[in-house]
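If you read the protein sequences in the order shown, they are chains R and V. Position 91 (the first sequence) corresponds to 91 in my numbering; numbering is contiguous. Position 29 (the second sequence) corresponds to 29 in my numbering; numbering is contiguous.
Hints were generated in silico from the structure; no laboratory data involved. Ideal Cβ placement from N, Cα and C applies to all residues, glycine included. It is possible that part of the hints are untrue.
As the list claims (entries may be wrong) - Far from chain R, by Cβ distances over 12 Å, these chain V residues were calculated:
1) D13
2) D161
3) N212
4) C316
5) L360
Unchecked claim - Simulated coverage check for chain R against chain V, where a stretch passes if three residues somewhere in it have a Cβ under 8 Å from a Cβ of chain V:
6) 95 to 104
7) 167 to 178
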Amino acid sequence: MAARKHRRVGDSPLVRRTLIGIAVGLTVLLLFMPLVLIFVQAFAEGWAGYVSNILNEYTLHAIGLTLVVALLTVPLNMVFGVFLAWLVTRFRFPGRKLLTTLIDIPFAVSPVVAGLLFLLLYGSNGWVGQWLGEYDIQLMFSWPGIVMVTVFVTCPFVARELIPLMQQQGREEEEAGVVLGASGWQLFRRVTLPNIRWALLYGVILTNARAVGEFGAVSVVSGNIRGETNTLPLQVELLYQDYNTVGAFAASSLLAGIALITLVVKAIVEWRQSRN
Amino acid sequence: MSIEIQGINKFFDKFQALHDINLTIPDGQLTALLGPSGSGKTTLLRIIAGLETPEQGRIRFSGRDVTDLHVRDRRVGFVFQHYALFRHMTVAENVAFGLNVLPRKERPGKPEIRKRVKDLLEMVQLEHLADRYPAQLSGGQKQRIALARAMAMRPEILLLDEPFGALDAKVRKDLRRWLRSLHDELHFTSVFVTHDQEEALELSDQVVVMSNGRIEQVDTPLELYGRPDSRFVFEFLGQVNVLFGKIRDGVMSQGDAWIRLPEGCENDDAQLYLRPHEVRLTQSASDEAHLPFRIEAINLIGAEVRIELKPDGWECEELWEVGISHTEFNARQPQRGDRCFAVPDVGHLFCEHAVEPKTLEWR
Numbered sequence: 001m002a003a004r005k006h007r008r009v010g011d012s013p014l015v016r017r018t019l020i021g022i023a024v025g026l027t028v029l030l031l032f033m034p035l036v037l038i039f040v041q042a043f044a045e046g047w048a049g050y051v052s053n054i055l056n057e058y059t060l061h062a063i064g065l066t067l068v069v070a071l072l073t074v075p076l077n078m079v080f081g082v083f084l085a086w087l088v089t090r091f092r093f094p095g096r097k098l099l100t101t102l103i104d105i106p107f108a109v110s111p112v113v114a115g116l117l118f119l120l121l122y123g124s125n126g127w128v129g130q131w132l133g134e135y136d137i138q139l140m141f142s143w144p145g146i147v148m149v150t151v152f153v154t155c156p157f158v159a160r161e162l163i164p165l166m167q168q169q170g171r172e173e174e175e176a177g178v179v180l181g182a183s184g185w186q187l188f189r190r191v192t193l194p195n196i197r198w199a200l201l202y203g204v205i206l207t208n209a210r211a212v213g214e215f216g217a218v219s220v221v222s223g224n225i226r227g228e229t230n231t232l233p234l235q236v237e238l239l240y241q242d243y244n245t246v247g248a249f250a251a252s253s254l255l256a257g258i259a260l261i262t263l264v265v266k267a268i269v270e271w272r273q274s275r276n
Numbered sequence: 001m002s003i004e005i006q007g008i009n010k011f012f013d014k015f016q017a018l019h020d021i022n023l024t025i026p027d028g029q030l031t032a033l034l035g036p037s038g039s040g041k042t043t044l045l046r047i048i049a050g051l052e053t054p055e056q057g058r059i060r061f062s063g064r065d066v067t068d069l070h071v072r073d074r075r076v077g078f079v080f081q082h083y084a085l086f087r088h089m090t091v092a093e094n095v096a097f098g099l100n101v102l103p104r105k106e107r108p109g110k111p112e113i114r115k116r117v118k119d120l121l122e123m124v125q126l127e128h129l130a131d132r133y134p135a136q137l138s139g140g141q142k143q144r145i146a147l148a149r150a151m152a153m154r155p156e157i158l159l160l161d162e163p164f165g166a167l168d169a170k171v172r173k174d175l176r177r178w179l180r181s182l183h184d185e186l187h188f189t190s191v192f193v194t195h196d197q198e199e200a201l202e203l204s205d206q207v208v209v210m211s212n213g214r215i216e217q218v219d220t221p222l223e224l225y226g227r228p229d230s231r232f233v234f235e236f237l238g239q240v241n242v243l244f245g246k247i248r249d250g251v252m253s254q255g256d257a258w259i260r261l262p263e264g265c266e267n268d269d270a271q272l273y274l275r276p277h278e279v280r281l282t283q284s285a286s287d288e289a290h291l292p293f294r295i296e297a298i299n300l301i302g303a304e305v306r307i308e309l310k311p312d313g314w315e316c317e318e319l320w321e322v323g324i325s326h327t328e329f330n331a332r333q334p335q336r337g338d339r340c341f342a343v344p345d346v347g348h349l350f351c352e353h354a355v356e357p358k359t360l361e362w363r
């Protein structure tokens, strides 16, 4: 009997090729070309020009500040995310559903609005800000404020990754551990953590990517003081407004580089996750 | 180690899962908690283990009050329904877990732990799987590893939640026998939860039947099957044939059906419960009973031929079922649609105005 090709609905070559064509075309046009252009622009003045742009005093400071923000934000949100996911998936308490909804607020609110909220609360005229001012503590327009809004904007990532996984895994393994005599910490380190490690890493990668790249919220609370409160994304904008296109793109290339590394790590983690 | 359960009440929000449970589980015996889903049997087991906290009541192990003792200090072995093996650990690591988390002072040395794990895996006959991960095991193997893991701490009490629930029939039977022999060898006190009557009756020394958060009856399997205390236990344990009727002057009747009762039965509304093996099938009615039927279906598979009967000239909620031997079946060759009569040997009478059922004999 001759093998006959069975066609499913919408499987005609014309439809398939058209769809693939559109998808590839859009990807190249909207994603790939801009990415390549960043590097083309960054190296417009050659390698030496690129290096001198990166080594610009203010750009270096922006890099440093961005790293500090990421270094503080990521561990903080990692701990917070694990704690929250654990609370929501392992306990029943009134307001649990509400809490899972509230976790998403930073995703739902525009980052600019988030920045404004923090400004209203912690600014020198804000409720908390006035009180802090009496002790000579200034959060807004300085690096602590930048960290605060970044923490706010990125806090759902870890919890969002963990909650479905922990819900699906259930608490039986942990119960088995307790019955066998494990203490709370032993339980977390030997049972819970190994089971969630890939999802946790995935959440951390996303948190880091967003913490490094956050613009809207940070721009509201930073005050854009060159060499003091400028993070890398703000520096890019500033350079661009100064008509220093090459400098702006050189700084952008760093962010793009981080994004590319993130994507590679993410792919590896996803691959590991699917294997487990 | 015996387990004494006293006045346990447990609520989940407003739902009362357990109503004033009092029960003693004797030392060294295998006890089954049997009941339909939602009867509270698993909750009771988890309370014994310490995984749930009762609102009221006490739990004692051999007289020692453990109600306020944390799960990890109760030192019971617990086998979970879905095994709950640590998925990121090998079989050997799973079994060693309990030993590895002991405080340093009590923890045996590495070689000692290795030896204990090896012995335990030998006990469950799976030493060749020591380096596998749980995902690579079959259901029956997982179950045995879960058991080995629970036994690693040498508990005096072993609790099993639906231990064979997720296994296919053949494996289930093997494991059941194996658990029974293991129990006979090691003499720990075991409690297992099941909704399978056959499993409970075959495996245990004592069966606790539960429904709606209450204990219906506690008895040996023999007593339980032969003398159920309540309609619930009767209907829950195996197939049963029921005749609803009125008793007038020693005769219970409904429509065309009637049955002469032995002496001492008051006039009342009553239900007569009959096990399939307590009923004979005949071509004509006897002096004591007139229970006409039409044969509805004949099932030849199994040790006996099971015949389903539809009442003829009277009514019942479910079809009756009677078992006859293959020899008898071959001799008489009954056909679908044939008319026949049931003659009871032993019956259990539940009267509307009596507390306890009455066992009747016609032989």
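- Compute the least Cβ-Cβ separation between D161/V and chain R, then decide whether it is above 12 Å. Since the minimum Cβ distance to chain R is about 10 Å, D161/V lies within 12 Å and the statement is violated.
- Message: If we take the beta carbon of L360/V, is the closest beta carbon in chain R still more than 12 Å away?
- Response: 48 Å, holds
- Query: Are there three or more residues in the region 95 to 104 of chain R whose C-beta lies closer than 8 Å to some C-beta of chain V?
  - Reply: violated (count 0)
- Given that the region 167 to 178 of chain R was listed as covered by chain V, double-check it with a C-beta distance under 8 Å for 3 or more residues. holds (count 6)
- Measuring Cβ to Cβ, find out whether N212/V lies farther than 12 Å from everything in chain R. At roughly 23 Å from the nearest Cβ of chain R, N212/V sits farther out than 12 Å, so the non-interface label holds.
- Item | Non-interface claim for D13/V versus chain R (Cβ beyond 12 Å) | Violated, because the least Cβ-Cβ distance between D13/V and chain R comes to about 9 Å, which does not exceed 12 Å.
- Item | Closest CB of chain R to the CB of C316/V still more than 12 Å away | The claim stands: C316/V keeps its Cβ more than 12 Å from every Cβ of chain R (closest is about 44 Å).
When held up to the earlier numbered hints, the structure conflicts with 1, 2, 6 and fits the remainder.
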